[in-house]
Amino acid sequence: MTKSPFQLAMQRLLRNRVAVLGGALLALIAFSCVVLPILLELDPNLTQPALRNQPPSARFLFGTDGLGRDLVARVLVGGRTSLLVGLAATAVSVLVGVAYGAVAGFYGGKIDEAMMRLVDFMYGLPYMFLVILIMLMFSETARGDMLPVFLALGLVQWLTMARIVRGQVLALRRQEFVLAAELLGISDARLLIRHVLPNVFGVIMVYATLMVPSVIILESFLSFLGLGVALSWGQLVSDGIAVINPIRSYWWILLWPSSFLGITLISLNFLGDGLRDALDPKGKT
Amino acid sequence: MSEQDVPELLRVRDLSVTFVTPERSVRAVDRISFDVRPGEVVGLVGESGCGKSVTSLSILGLHEQPAARVTGSIRLGERELLGASPAQLREVRGNRVSMIFQDPLSSLNPYLRVEEQLSEVLDLHLHLRGPAARARMLEILAQVGIVGEERLRAYPHQLSGGMRQRISTAMALLCNPELLIADEPTTMLDVTIQAQILELLRSLQRERQMSILFITHDLGVVSEICDRVIVMYAGRIVEQARTAEVLHAPLHPYTEALLRSTPRVDVPGGGSLHPIGGLPPRLSDAKLDACAFAPRCPRVREGCTNGEPALTNAGGERLRRCIAPVAEMESARS
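If you're matching them up, the sequences are chains A and B in order. Counting with my numbering, you get residues 1 to 285 for the letters of the first sequence. Counting with my numbering, you get residues 286 to 619 for the letters of the second sequence.
Pulled out of the complex, with its shape left as it was, chain A reads as follows (with noise of 0.2 Å):
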């Protein structure tokens, strides 16, 4: 059976432990944010004024908060937030940023030129001090709405991802084959869509998983200044932060969020550099 380079490099990524075992508890923790909390009909709100601060047990594994609120719940529903943001705004950013880059690259010269002045000017631009402004822009029409969030960081993040294309592109656009397809009479728009982009799609994949974990720190940081959505990791660190003490210390509501927030990052990370090894076309079979 004849494999497409993509099979080839799925089959690679399989035989790399580390970027399997990121894959596994990746999948693990998505699957336990997006169906646990339903199935177990958990509620991150209801409070318990009497069980108040409880350290982990049996009833409560990871304990609860200040507000006798169980943290198990508010862990696993605040990451659902933290990967919807992750995968969102990275898909804004994929989508934005594919689209122009690929269209700088391929045309170059001065339509190129204008194309990346204008993202390096946006480079320029102090981006947590953006992301603010745009939140707070849309803060007044939409509180608690995640759709802010998601633009705000994806309107950041596309920069990278358009440079990182543009040069790929520019690279690819006088590679033989794509010339060859060129001198076949093929269309600007079907050369690029069917002949350049399968080329960069390893790259785009890679840098994708690796802005995934960015993402998330950037909504963390922005629940940790008060800015971001109502319940996520960042907010649930935030809070835990907010009660550490050395004279009583509330330790596991800093714990949990902080170590999900954690193995999270480093499981996108390790897929990325096995996606990395396994797309990288020099690899052997």
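To be clear, the hints were calculated from the coordinates, so they are not data collected in a lab. All clues given are correct.
Which residues of chain A face chain B? A partial, calculated answer using Cβ under 8 Å:
hint : residue
1    : P5
2    : E176
3    : F177
4    : A180
5    : G185
6    : I186
7    : H195
8    : P198
9    : N199
For glycine and all other residues, C-beta sits at the position ideal for the given N, C-alpha and C.
Following the hints, complete the assembly by docking chain B onto the known chain A.
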């Protein structure tokens, strides 16, 4: 000259290609004119950087304005290709004029199966799909000597170099082009495969009465496949003649020197080789005040620096750009 009655397929007149950069302009091709007749194989010969590939790419309209300034006229049949719209060019490319490249490794898309690359062209130009397209693909593969449906499902990395060049050739021939531009298609292949590909091109050309513009720096290849040869130097045509005449009685010192630097199979031991000293000149936009080959020419004389020699007729269809007397060059051979 009965051949002059045949209307030419490709008619290039005063073609100049100048690359403009902020620092300086480089005229890579300087006012060249030539014809390719139907069913004729014309060789375009010269060392690296003499304008062979630039000429071929301008026929297919691949130089982008304004970085490249292309002037003159390129007519394919009745149609002027220079200044044609992108849509008109797309209609010609792959359909009436096709091209095969030097490197069979990089001229196929690594992410597409052979079938996908071939069917795209069929769909585009002949609107063939489904079983009809499949039948045509198998037919063309058989013609280039590849048998079996499983090759259609293969990816380029699963094929050998010679096989890939056959696929590229098949792809170029899918729509029965009138003109095939072959840009050093055998340079990257080893000698046995090279001979196979040349033989294949020759037989396909005879069967279809197709014209080929064959770009190469290898005079051995020229002798095997070309009817007529155009020798280029520094973006200019320096000699043009039938293959046998060029190979056995060159009338330009550059051609002579090229031949002396090529190993021969008809002389025991391959004959002695004489490299051409020096390098081709730096090309610029300025008008030449001497023959471009003068600094490297073994037959250089006083008149050579007295303006650039004109391309003159040297009997029959032969053209040469040199002031050394024909008699002197002929006596040197005997």
